[in-house]
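Asks: What follows is each chain in one-letter form.
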Amino acid sequence: MYGDNAGQLRAELATLLRQHRIQQRLGAPRTHTVPQSTTTLEQRQAFGEQIHRYRNTVLLWCLQAVQAATPRIDLDTTTARSRGPAEELRHRLTRAVDASTAGLPPLVELTTGHEFAMVETWRQAARAAALGEHDFDAGLGYGRLSEAQCMTVIKDATEITRGLVALDRRYANIPGWQALRDQAPLERAAEACSGYAGHGAPDYTVDLRGWHPQVGTIEGPARPGLSGVLQAEHNLLIHLTTFPNARNLRLVIDSQRVLSHEASLRVRGTAPALADKWHLREQTYTALVRETRDLGGNVGSGGLAAAEGANSIRRLRSVGSGDIAEPKPLRHLDRLFARIDARVSDIIEQGTRERLYFLRVHLPRVVDQTPTLIKPVRERYVPISSPVQTDLLDIVGTRLRPPPTPHALPPDAAKSRGELHDAITHRPEQRRPDLSM
Amino acid sequence: MLLAHAVTLTEARSHVAALADLAGTFDACVEYERVLLQLDGIHGDDIPGLNPVRTDRRDVLFTLAEAAIETLVDHGVDALQVELVLAMLHAAHATDVA
Chain U
1 MYGDNAGQLR
11 AELATLLRQH
21 RIQQRLGAPR
31 THTVPQSTTT
41 LEQRQAFGEQ
51 IHRYRNTVLL
61 WCLQAVQAAT
71 PRIDLDTTTA
81 RSRGPAEELR
91 HRLTRAVDAS
101 TAGLPPLVEL
111 TTGHEFAMVE
121 TWRQAARAAA
131 LGEHDFDAGL
141 GYGRLSEAQC
151 MTVIKDATEI
161 TRGLVALDRR
171 YANIPGWQAL
181 RDQAPLERAA
191 EACSGYAGHG
201 APDYTVDLRG
211 WHPQVGTIEG
221 PARPGLSGVL
231 QAEHNLLIHL
241 TTFPNARNLR
251 LVIDSQRVLS
261 HEASLRVRGT
271 APALADKWHL
281 REQTYTALVR
291 ETRDLGGNVG
301 SGGLAAAEGA
311 NSIRRLRSVG
321 SGDIAEPKPL
331 RHLDRLFARI
341 DARVSDIIEQ
351 GTRERLYFLR
361 VHLPRVVDQT
371 PTLIKPVRER
381 YVPISSPVQT
391 DLLDIVGTRL
401 RPPPTPHALP
411 PDAAKSRGEL
421 HDAITHRPEQ
431 RRPDLSM
Chain E
438 MLLAHAVTLT
448 EARSHVAALA
458 DLAGTFDACV
468 EYERVLLQLD
478 GIHGDDIPGL
488 NPVRTDRRDV
498 LFTLAEAAIE
508 TLVDHGVDAL
518 QVELVLAMLH
528 AAHATDVA
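Chain order of the listed sequences is U and E.
If you're matching positions, the first sequence starts at 1 in the numbering used here and goes up one per residue.
If you're matching positions, the second sequence starts at 438 in the numbering used here and goes up one per residue.
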């Protein structure tokens, strides 16, 4: 997720910004009274080049973040006067990335730990940046984010860019160090963009977006008790990502009706509110069963989903009312029910919209025009959305689809960003006592 | 599917669906619905739509549904499949009257 990767990036950068006396951290002589060093000049140069590659990865992340949160426009024909704050930062980051000659770190450098803590921190930052690149292709792009979310992403990129510029100045004495191209204009562009992006209230729900690992089915033998029911329902939900044909959809709808009825009976004594809610769900699915009796459609599969529905019923029937004591599994089951309802709603609406599902009209008549001796029966199918029949779409829209659930904000979103900002603006402690009068 | 087969299947489906709607208990309703799903599964997706039925008496509906399902054998449906459907129908009826 964007929140995880960007949060780690900020944490590592904040650690680096609180580190001073850079040469000593790479093994250079510590003081004039303790001149021994643990690394040679060539080794420190190699470390510097490695840090440079890590820095490039983080710089590339900043550029991709700004590109993702701004509209795609060609900046080649623009000037500093015609570019806005975000476009100017994008332009400066592009120049800095293009000018770097160190390249990106190979996989072995990203995955192998380093003996020096400072280099290791850079490795962790580069690793977070490399993983974070997947977030921008997985739903974190301009057009998919709200205005506030775009500004939050831009603000994050500007803060990390400012941190990189501060570190670039601090690392100038590392042997062979290559400074950022146009360091001062880049810093000014980052500061200007930071003010522009931080003007409105941030929207930290963007931390929940980005790449998520694909959820798989829960394999293995049936788990005992209600856990087995949760296992089957979870697997049914996963299998419903594949569009089911009409018959298997009817089997899934029937299984959910039975499951709601059986679950409602079992929790009537311990959770009456939940029992009422599931009783309503049973009635909704009963109405769906009636409306889908004439549903037809050969496109799709869904056999595995139907099988998991049957598994859920069988496992729930082996669970007694007294076996359900804890409320947590019931909350999980309710959440699974809501997600299955949403998915079934999507499936029916998709089938209607793309004409994958049809409704049969009454008794067909014989086709008289065929040349064969035995006249076949004429079959008629009409789209569900035709005005001829059915309450199916009305039931899906008003009774089946659950209300949208608001996403909870990540708890440390603001704290993580505040810590990076403090690290950028902090000043090192004085080594000698203040001699002013 | 020929017209006579379609007529018989429509009759069977319509009466079983009516039994499901008029069932006295939830379990009976579910069992009748399973009979309908099994009938539809035998014929693949090549089935006609439902027709309204003329009575709401469950004993009459059951008799008509049973007769229609038995007649399906004459239209080329596998006899074993028909017997299985009939067994499911009887089990649903037993649940309903119990």
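Certain hints may be false.
Short derived list, chain E residues pointing at chain U, Cβ under 10 Å [as the list claims (entries may be wrong)]:
1. G461
2. F463
3. D482
4. R491
5. V519
Some chain E residues well away from chain U (every beta-carbon gap over 10 Å; in silico) [as the list claims (entries may be wrong)]:
6. V467
7. L473
8. I484
9. V490
10. T492
11. R494
12. Q518
13. A528
14. V534
15. A535
No wet-lab data here; the hints were simulated from the structure.
Positions of the beta carbon are idealized from the N, C-alpha and C atoms, including for glycine.
Asks: Tell me the hint numbers this structure goes against, listed in increasing order.
Replies: 1, 4, 5, 6, 7 and 8
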